[in-house]
Amino acid sequence: MPKAAKGRSGKPEKKRAKKDPNAPKRGLSAYMFFANEQRENVREENPGVSFGQVGKILGERWKALSEKQRAPYEAKAAADKKRYEDEKQAYNAQADGDDDESS
DNA sequence: CCTGTGATTGTTTTC
DNA sequence: GAAAACAATCACAGG
Numbered sequence: 001m002p003k004a005a006k007g008r009s010g011k012p013e014k015k016r017a018k019k020d021p022n023a024p025k026r027g028l029s030a031y032m033f034f035a036n037e038q039r040e041n042v043r044e045e046n047p048g049v050s051f052g053q054v055g056k057i058l059g060e061r062w063k064a065l066s067e068k069q070r071a072p073y074e075a076k077a078a079a080d081k082k083r084y085e086d087e088k089q090a091y092n093a094q095a096d097g098d099d100d101e102s103s
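In UniProt numbering, the protein residues as written are 1 to 103.
No lab work stands behind these hints, which were simulated from the structure alone.
Careful: at least some of the hints might be erroneous.
[What the hints assert, rightly or not] Ranges between beta-carbon positions, derived for each pair:
(1) A75 <-> E40: 17 to 23 Å
(2) E44 <-> Q89: 37 to 43 Å
(3) D86 <-> A64: 41 to 47 Å
(4) G55 <-> K18: 23 to 29 Å
(5) K19 <-> D86: 17 to 23 Å
(6) E67 <-> K25: 25 to 31 Å
[Said to hold, decoys possible] Listed next, the in silico DSSO-like pairs over lysine-lysine satisfying Cα-Cα at most 27 Å (straight line):
(7) K88 <-> K76
(8) K68 <-> K82
(9) K15 <-> K68
(10) K81 <-> K19
(11) K56 <-> K88
(12) K68 <-> K56
(13) K81 <-> K25
(14) K19 <-> K82
(15) K88 <-> K19
(16) K68 <-> K81
(17) K63 <-> K81
(18) K88 <-> K25
(19) K19 <-> K68
(20) K19 <-> K63
(21) K81 <-> K15
(22) K15 <-> K63
(23) K18 <-> K88
(24) K63 <-> K82
(25) K56 <-> K15
(26) K25 <-> K82
(27) K76 <-> K63
(28) K18 <-> K82
(29) K76 <-> K25
(30) K18 <-> K81
(31) K18 <-> K68
(32) K19 <-> K56
(33) K15 <-> K76
(34) K15 <-> K88
(35) K25 <-> K15
Virtual Cβ for every residue (Gly too), placed ideally from N, Cα, C.
Sequences are here, hints too, so could you generate the full structure?
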C-alpha cells in the first residue's frame, strides 16, 4: 500500500537551504553510486546525448538493472548512510548539551 | 504508536 | 559555476 502519493508533486524550487545549525547532511543514495559507474557507460553507449537525455537514460538504466545489480549500489548507499549517522551523532551531541561553545 | 515530510546527495551535459 | 532530470533515502519530528 502506497502510504501516500508522495514524491515530487511538482515543486521545482531551487536547491534547498540548510536549516540546522550544523546540518548533518544525510547519506548518499544508491543512484549516486550507480551513476558513478554508469555515467561512463551511459555516455559511451549514448554519444552525443545532451544533458537531459543522458540524465534520463541514466535513470532508466538504473532500474534496468536487477536488484542484485543494484545491490552493490544499495550496499554503498547503506554504508554511506552510516557515514551520515556519524554526522548526525556529532550534531546530536553538540545540539544537545555542549561542553563549551559559548566562549 | 504510526505517518509523512522534508532535506539531502551526486551524476551528467551545456553555455 | 550553475541549473535541471534522474532516483533513493530515511532520520527526524509531530499528533
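Results for each hint:
no. : hint                    : verdict
1   : A75 <-> E40: 17 to 23 Å : holds, 20 Å
2   : E44 <-> Q89: 37 to 43 Å : holds, 40 Å
3   : D86 <-> A64: 41 to 47 Å : violated, 33 Å
4   : G55 <-> K18: 23 to 29 Å : holds, 25 Å
5   : K19 <-> D86: 17 to 23 Å : holds, 20 Å
6   : E67 <-> K25: 25 to 31 Å : holds, 27 Å
7   : K88 <-> K76             : holds, 18 Å
8   : K68 <-> K82             : holds, 21 Å
9   : K15 <-> K68             : violated, 32 Å
10  : K81 <-> K19             : holds, 20 Å
11  : K56 <-> K88             : violated, 32 Å
12  : K68 <-> K56             : holds, 21 Å
13  : K81 <-> K25             : holds, 10 Å
14  : K19 <-> K82             : holds, 21 Å
15  : K88 <-> K19             : holds, 14 Å
16  : K68 <-> K81             : holds, 19 Å
17  : K63 <-> K81             : holds, 21 Å
18  : K88 <-> K25             : holds, 8 Å
19  : K19 <-> K68             : violated, 36 Å
20  : K19 <-> K63             : violated, 32 Å
21  : K81 <-> K15             : holds, 21 Å
22  : K15 <-> K63             : holds, 25 Å
23  : K18 <-> K88             : holds, 14 Å
24  : K63 <-> K82             : holds, 24 Å
25  : K56 <-> K15             : holds, 20 Å
26  : K25 <-> K82             : holds, 12 Å
27  : K76 <-> K63             : holds, 17 Å
28  : K18 <-> K82             : holds, 21 Å
29  : K76 <-> K25             : holds, 16 Å
30  : K18 <-> K81             : holds, 19 Å
31  : K18 <-> K68             : violated, 35 Å
32  : K19 <-> K56             : violated, 30 Å
33  : K15 <-> K76             : holds, 24 Å
34  : K15 <-> K88             : holds, 21 Å
35  : K25 <-> K15             : holds, 14 Å
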